[in-house]
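Engineer: Spelled out from the first residue to the last, the chains are:
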Amino acid sequence: MKLGKTIAEKILSHKSGRDVKANDIVIADLDFIMGQDGTSPLAIKAFQDMQAARVFDPARIAMVIDHSSPSPLEGVSELHRQMRVFAREQQINFYDIGEGVCHQLVPEQGHVVPGDLVIGADSHTCTYGAINALSTGVGSTDLAAGIISGKLWFKVPETFKFILNGRLGEGVYAKDLILFLIGDVTADGATYMAAEYGGEAVADLSIEARFTISNMAIEMGAKCGLMEADQKTVEWVQQHSRKEFKPVFADPDANYARVKEYDVSALEPQIARPHTVDNVVGISQLGEVSIQQGVIGTCTNGRMEDLRIAAQILKGQKISKEARLIIAPASRQIMIAAMREGLMEIFLQAGAAVVTPGCGPCVGTHNGVPSDGENVISTANRNFKGRMGNNKAFVYLGSPATVAASVITGQITDPRQFLL
Amino acid sequence: MKLAGKCHKFGNDVNTDYIISGRHKFKTLDMKELAKHVMEDLDPEFYTRVSKGDFIVAGTNFGCGSSREQAPLAIINADIGAVIAKSFARIFYRNCINTGLPLIECDTDQINVGDQLKIDLDQGTLLNETTGAVIKIAPLPPVMLKILSEGGLVEHFKKHGTFQFEE
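If you're matching them up, the sequences are chains A and B in order.
Oh and the first sequence: position 222 is 222 in the working numbering, straight run, nothing missing.
Oh and the second sequence: position 1 is 1 in the working numbering, straight run, nothing missing.
Quick caveat, the hints were computed from the structure, so don't treat them as lab data.
Keep in mind that a hint or two might mislead.
[To be verified] Chain A is nowhere near these chain B residues, computed Cβ spacing over 10 angstroms in every case:
{"hint": "1", "residue": "48"}
{"hint": "2", "residue": "76"}
{"hint": "3", "residue": "109"}
{"hint": "4", "residue": "141"}
[What the hints assert, rightly or not] Computed cross-link-like contacts, DSS-like style, restricted to lysine-lysine with a CA-CA straight-line distance of at most 27 angstroms:
{"hint": "5", "chain 1": "A", "residue 1": "260", "chain 2": "A", "residue 2": "232"}
{"hint": "6", "chain 1": "A", "residue 1": "155", "chain 2": "B", "residue 2": "52"}
{"hint": "7", "chain 1": "A", "residue 1": "385", "chain 2": "B", "residue 2": "159"}
{"hint": "8", "chain 1": "A", "residue 1": "45", "chain 2": "B", "residue 2": "146"}
{"hint": "9", "chain 1": "A", "residue 1": "45", "chain 2": "B", "residue 2": "159"}
{"hint": "10", "chain 1": "B", "residue 1": "146", "chain 2": "B", "residue 2": "2"}
Glycine is no exception: its CB is placed at the ideal position from the N, C-alpha and C atoms.
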């Protein structure tokens with residue numbers, strides 16, 4: 001029996017004050033807690049039903065309006081109002097319409113650092129694993145329990161280690177890599193486990209690209225998508241947060257429930273076909289798929305790097321007459337930076353509709369519901385039937401480069417045709 | 001806890017957007033209203049065919065996708081007695097315990113549409129009265145049994161003020 005610990009075992013040991021291993025049950029202290037507008041109203045109701053008066057520490061809590069931002073319906077507006085009242089009463093961090101998507105804001109605004117234990121009432125909370133935080137999605141009632149007590153119970157997960165060797169080629173990105181892995185292990189391949197992503201291919205990626213990978217850990221069923229912190233991590237975190245931190249590394253003799261090793265050098269762009277995220281195929285195997293709508297944005301791929309590569313492809317081009325493109329930068333800061341770099345003009349001249357930072361196009365609330373029979377190619381992380389608000393539409397997932405190339409030609413297109 | 005009812009069957013990877021669509025779940029907290037739309041994108045008539053205490057029976061990875069608690073709440077409000085599946089996605093699993101929706105993990109290949117089931121959660125037994133099969137149920141971890149037996153996490157917190165798993 002090896003005595004070393006995985007990243008998850010170490011973080012849950014630190015935060016519970018016990019020496020724990022996989023399958024132990026712990027009650028652990030939380031460093032940060034987040035809710036969005038699809039989950040916070042129920043959490044506020046649970047908070048009241050639990051007869052609590054005050055949250056445990058306002059500085060460690062954030063609520064974000066992003067899923068329906070700005071509100072498209074009066075029912076939603078009422079739920080937003082409840083959030084604003086609660087946030088003001090409790091003095092927690094609050095991000096209103098236009099600020100951005102929760103999983104961009106939480107790290108961007110410096111709320112999470114390496115070694116942290118974080119919960120969010122949103123399944124893509126696993127995103128911050130990219131900066132070495134154990135972050136995981138929970139439901140509204142767990143959120144309420146967390147903001148009252150500052151703690152949550154966890155079963156310490158086993159870990160599935162992914163070793164990614166080689167380097168991604170030109171025109172192949174982090175999104176293609178994570179889609180490939182999900183297709184390989186399937187939608188419940190890592191259920192109940194922590195995923196650890198490492199190897200030279202990951203080390204080669206920027207922090208923004210690493211967020212894309214950790215963001216989709218949930219799509220293989222994982223509890224979290226952890227990475228180790230390196231110099232890039234330390235620099236990025238120091239640029240965004242004033243919190244002190246100590247990175248957590250897995251021991252060389254840690255116990256892994258599963259280990260898979262890959263060489264990613266020959267990987268081509270990947271597409272997830274309707275209607276599951278693990279229905280993945282290399283773009284050369286896809287066949288002809290005409291596109292009526294493209295979406296670039298979301299917590300998966302709405303960052304500056306994503307916008308820059310899309311702009312590189314869209315510059316001087318016009319979108320196909322048969323297609324539409326919606327672009328949603330993941331935060332206000334990103335939108336401002338994109339403006340300063342001239343990206344907005346490129347998008348608008350190409351014919352894109354640029355919308356408020358938010359989740360709308362991904363999650364079917366507003367900002368781009370497709371019509372019956374339409375094919376959408378999106379940089380989002382889910383393509384379930386009805387996901388974008390119409391159960392008679394078809395959603396394909398790909399990288400920002402793939403989406404940009406595809407809306408120009410009007411069919412799903414290998415972006416390398418535009419880049420090489 | 002004893003449960004009895006007839007079965008409605010679904011496949012693998014039934015995600016929470018199928019359980020309750022994004023078209024509906026963001027605009028109201030009225031769970032009775034959301035209950036009318038349960039499983040709509042997979043089976044538009046589902047809600048009309050449910051009798052109180054019936055079971056949803058499914059394959060692997062039931063409840064994958066989003067963390068939204070509207071999924072188990074809509075199922076509870078549609079008067080479903082329990083969800084029975086070969087395996088569950090983890091956030092959904094926790095949300096069911098927290099909201100008081102019983103979950104049963106077992107081999108559902110032995111259960112068909114319309115079968116009448118009799119379940120005793122304390123004994124850990126599932127009897128398919130239609131086929132006569134007795135199916136083994138995986139026991140819930142003690143922490144989850146405690147929360148479920150107290151009626152869910154809200155009741156647990158009302159009683160103890162915080163997480164309290166020791167006697």
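Engineer: Next, verify each hint and record whether it holds.
Structural biologist: The hints, checked one at a time:
1. 48: 18 angstroms, holds
2. 76: 13 angstroms, holds
3. 109: 17 angstroms, holds
4. 141: 7 angstroms, violated
5. A:260 with A:232: Measuring from Cα to Cα gives roughly 25 angstroms; hence the hint holds.
6. A:155 with B:52: This hinted pair is violated, its Cα atoms lying about 33 angstroms apart.
7. A:385 with B:159: 41 angstroms, violated
8. A:45 with B:146: 22 angstroms, holds
9. A:45 with B:159: 17 angstroms, holds
10. B:146 with B:2: 16 angstroms, holds
Figure legend: structure checked against the earlier numbered hints; hints not met, in rising order: 4, 6, 7.
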